[in-house]
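> Okay, here's what each chain looks like letter by letter:
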Amino acid sequence: MISCEAVSKVYPTRSGEVRSLDHFDLKIAKGEFLVVRGGSGCGKTTLLLALGGMLRPSSGRVMLNGEDLYAMSSQERAKVRSHSVGFVFQMFHLVPYLSILENILLAHPGKVSRSVMDRGQQLISELGIEHRVHHKPAELSAGERQRAAIGRALLNEPEFLLADEPTGNLDPENTAEVFKHLSEFHRAGGTVVVVTHGHAADAYSDRVIRLDQGRLVEINGERESTAE
Amino acid sequence: MILKELWHRKANTALSLLGLAGIVAFLVGFLTTADAAKRETRRITRDLGFNLRIIPGTTDMDRYWFDGYSSATMSQETVSRLAAQDGIFMSYNHLMASLKQPFQLQGREVILMGVAPTITSADKKKRPMGYSIKAGTLQLGFQVADRLGVKPGDQLSLGAKEFSVTKCLVESGTEQDIYVFGHLEDIQGVLGLDGQINEIKAIDCLCLTADEEPIKILRQELAKVLPEARVIQDRVQADARAKQRQMIENKFGFLSPFLLVVSALWVGVMATLNVRERRAEIGVLRALGYGSGRIAGLFLVKAILLGCVGAVIGFGLGNALALSVGTEIFKVTAKAIQTDWNLLGMAVLATPLFSAIASFIPAMLAVAQDPAVSLRED
Chain A
1 MISCEAVSKV
11 YPTRSGEVRS
21 LDHFDLKIAK
31 GEFLVVRGGS
41 GCGKTTLLLA
51 LGGMLRPSSG
61 RVMLNGEDLY
71 AMSSQERAKV
81 RSHSVGFVFQ
91 MFHLVPYLSI
101 LENILLAHPG
111 KVSRSVMDRG
121 QQLISELGIE
131 HRVHHKPAEL
141 SAGERQRAAI
151 GRALLNEPEF
161 LLADEPTGNL
171 DPENTAEVFK
181 HLSEFHRAGG
191 TVVVVTHGHA
201 ADAYSDRVIR
211 LDQGRLVEIN
221 GERESTAE
Chain B
1 MILKELWHRK
11 ANTALSLLGL
21 AGIVAFLVGF
31 LTTADAAKRE
41 TRRITRDLGF
51 NLRIIPGTTD
61 MDRYWFDGYS
71 SATMSQETVS
81 RLAAQDGIFM
91 SYNHLMASLK
101 QPFQLQGREV
111 ILMGVAPTIT
121 SADKKKRPMG
131 YSIKAGTLQL
141 GFQVADRLGV
151 KPGDQLSLGA
161 KEFSVTKCLV
171 ESGTEQDIYV
181 FGHLEDIQGV
191 LGLDGQINEI
201 KAIDCLCLTA
211 DEEPIKILRQ
221 ELAKVLPEAR
231 VIQDRVQADA
241 RAKQRQMIEN
251 KFGFLSPFLL
261 VVSALWVGVM
271 ATLNVRERRA
281 EIGVLRALGY
291 GSGRIAGLFL
301 VKAILLGCVG
311 AVIGFGLGNA
321 LALSVGTEIF
331 KVTAKAIQTD
341 WNLLGMAVLA
351 TPLFSAIASF
361 IPAMLAVAQD
371 PAVSLRED
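First to last, the protein sequences are chains A and B.
Residue 1 is where the first sequence starts when you use the working numbering, and the numbers rise one by one after that.
Residue 1 is where the second sequence starts when you use the working numbering, and the numbers rise one by one after that.
Possibly wrong hints are sitting among the right ones.
[What the hints assert, rightly or not] So the derived label-pair ranges between C-beta atoms look like this:
| no. | chain 1 | residue 1 | chain 2 | residue 2 | range |
| --- | --- | --- | --- | --- | --- |
| 1 | A | Q213 | B | V301 | 27 to 35 Å |
| 2 | B | T272 | A | I219 | 41 to 49 Å |
| 3 | A | S141 | B | G293 | 21 to 29 Å |
[What the hints assert, rightly or not] Pulled from the structure, derived: some chain B residues nowhere near chain A, Cβ distances all over 10 Å:
| no. | residue |
| --- | --- |
| 4 | G57 |
| 5 | V284 |
| 6 | L305 |
[Unchecked claim] Below, a list of computed lysine-lysine pairs in the DSBU-like style, where the Cα atoms sit at most 30 Å apart:
| no. | chain 1 | residue 1 | chain 2 | residue 2 |
| --- | --- | --- | --- | --- |
| 7 | A | K111 | B | K216 |
| 8 | B | K100 | B | K4 |
| 9 | A | K79 | B | K4 |
In case anyone wonders, no lab produced these hints; they're calculated from the structure.
Each residue gets a CB set at the ideal place from its N, CA and C atoms; glycine is no exception.
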């Protein structure tokens, strides 16, 4: 389980402080498919990065399976990210000079064993990009690139998959394809948090929350005064 | 991954290599030609001539400057005595004993000059300056040879003894045009001054700078060893020698650190640009759980690889430079310019280290980069 306890994130800017998350509380159950929605600058991405151990909150705690993520050393947090968390980004962020297989295997810490290689090949097959194994990201369509990014996120069989606008650059067909893969991970017991503007993920979700100015304002379409 | 990244970002790789290979090429080229430069300078300063003269202490200096030689003489063993003194070669180098006196030759007065082989320090293994003349032979100044109509290979009598002329010197435009040079013992015999000399030519040490009043130091030292002699210094020649050597040392002394700094900045800027270009990639690696050491390692290992390749390319370029340009600059000693393979080893060891140091700050910037910021920027 992941939870946020009174998490605030404040960015100092020249024109004053910007509060991206404001005493934010949230509990995400193991195996839940959570959709986070909200306007630009409402704190969605900040929340996702904080949940993934990538962005230290200004105050509050992020608990992962009962452990305070930001009380850990940066090395311990890196280990948690490597083994328990998978990230998917809107811009895919594949390494341009590596092949699709190499990009997926990049997620594995240390030397790539035969079993890791097999796992990578299996993911590529499941994601339907086996014909692109040795291609560079620039040679793939946007949908294929995002599927490769999902493969990279899933290589280490994480507990949590955190996706930031994963379909923001995709057409409806590829959007459906991406959510199909996220849903498969979810059905296999994984926890998914998707930050998105659209409604395509709603059909797969257990819960949809909406943020506004760093606060939780809606759960499943109902206005909330307290976060649960 | 590092090799693929180097190949992918060809422009950055090529420019980084340019900076590294450039400085290695300069240093290899410089060091390869430095010996040639030293040899060349030695030749030039040798051609400037000896700048110290040790003459008998009883010399009438007014007459000496008027005649150009000392009418007094001293024993030839003084030069051996001087050379045998501990540490004397720190101040006096290339000792050449000579005897110089006027002589009537076929109705005209010439200057006979007998020279002994030059003595140098056994420790320094310096090639002796000056010239040696074989016994039984003579070298004639231009005016003497011209007047007598003598050519190399002709015989010439000095008093009762006959000599073979081996060389007729080109016109020097100095009093040496009326000189007849011979082996010291031969000239001593002709002049009836066996075992006598009236001058020891030498070169002072360049460690004595003008502000130290070198002549004062030289005189103090000589007084301890040869109280019967006195030393005079040709300041014009001494200064010319010092300037010639200092000019070369100063030029390279200024250029080397300057170019090292420029090269370090160049490599550092290239590495910084590379870090900026790879912000998202670093962010993703962070997201995948890569620690600081591993990310810094990507940049530092890359810098070391570039350093190794830059060293080899620079060594090749430096040698090509030395063997082409160096032989043009140092014409006198061109043949002595050769590839120094030891420099390759030094370059391969030092350049990766230099490259890693120059890339250290950019690597730390990569480590310190906030992945959340870089991932959100795109």
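> It remains to establish, for every hint, whether it holds in the given structure.
Verification of the supplied hints:
Between Q213 (chain A) and V301 (chain B) the beta carbons are some 45 Å apart, a value that contradicts the proposed interval 27 to 35 Å. Range check, T272 (chain B) to I219 (chain A): Cβ separation about 46 Å, and the 41 to 49 Å hint holds. At about 36 Å, the CB distance of S141 (chain A) to G293 (chain B) disagrees with the hint of 21 to 29 Å. Interface exclusion of G57 (chain B) from chain A stands, the closest Cβ pair being 83 Å apart, more than 10 Å.
The claim that V284 (chain B) is not at the interface with chain A is violated, since a C-beta of that chain comes within 10 Å of its own (minimum 4 Å). A cut-off of 10 Å between C-beta atoms confirms that L305 (chain B) is not in contact with chain A; the least separation is 15 Å. A threshold of 30 Å between alpha carbons decides the hint, and for K111 (chain A) with K216 (chain B) the separation of about 74 Å lies outside it, so the pair is violated. Of the supplied pair hints, the one linking K100 (chain B) and K4 (chain B) is violated, its CA atoms being roughly 77 Å apart against a limit of 30 Å.
Between K79 (chain A) and K4 (chain B), the direct Cα distance comes to roughly 26 Å. Compliance with the 30 Å bound is thereby established for this hinted pair.
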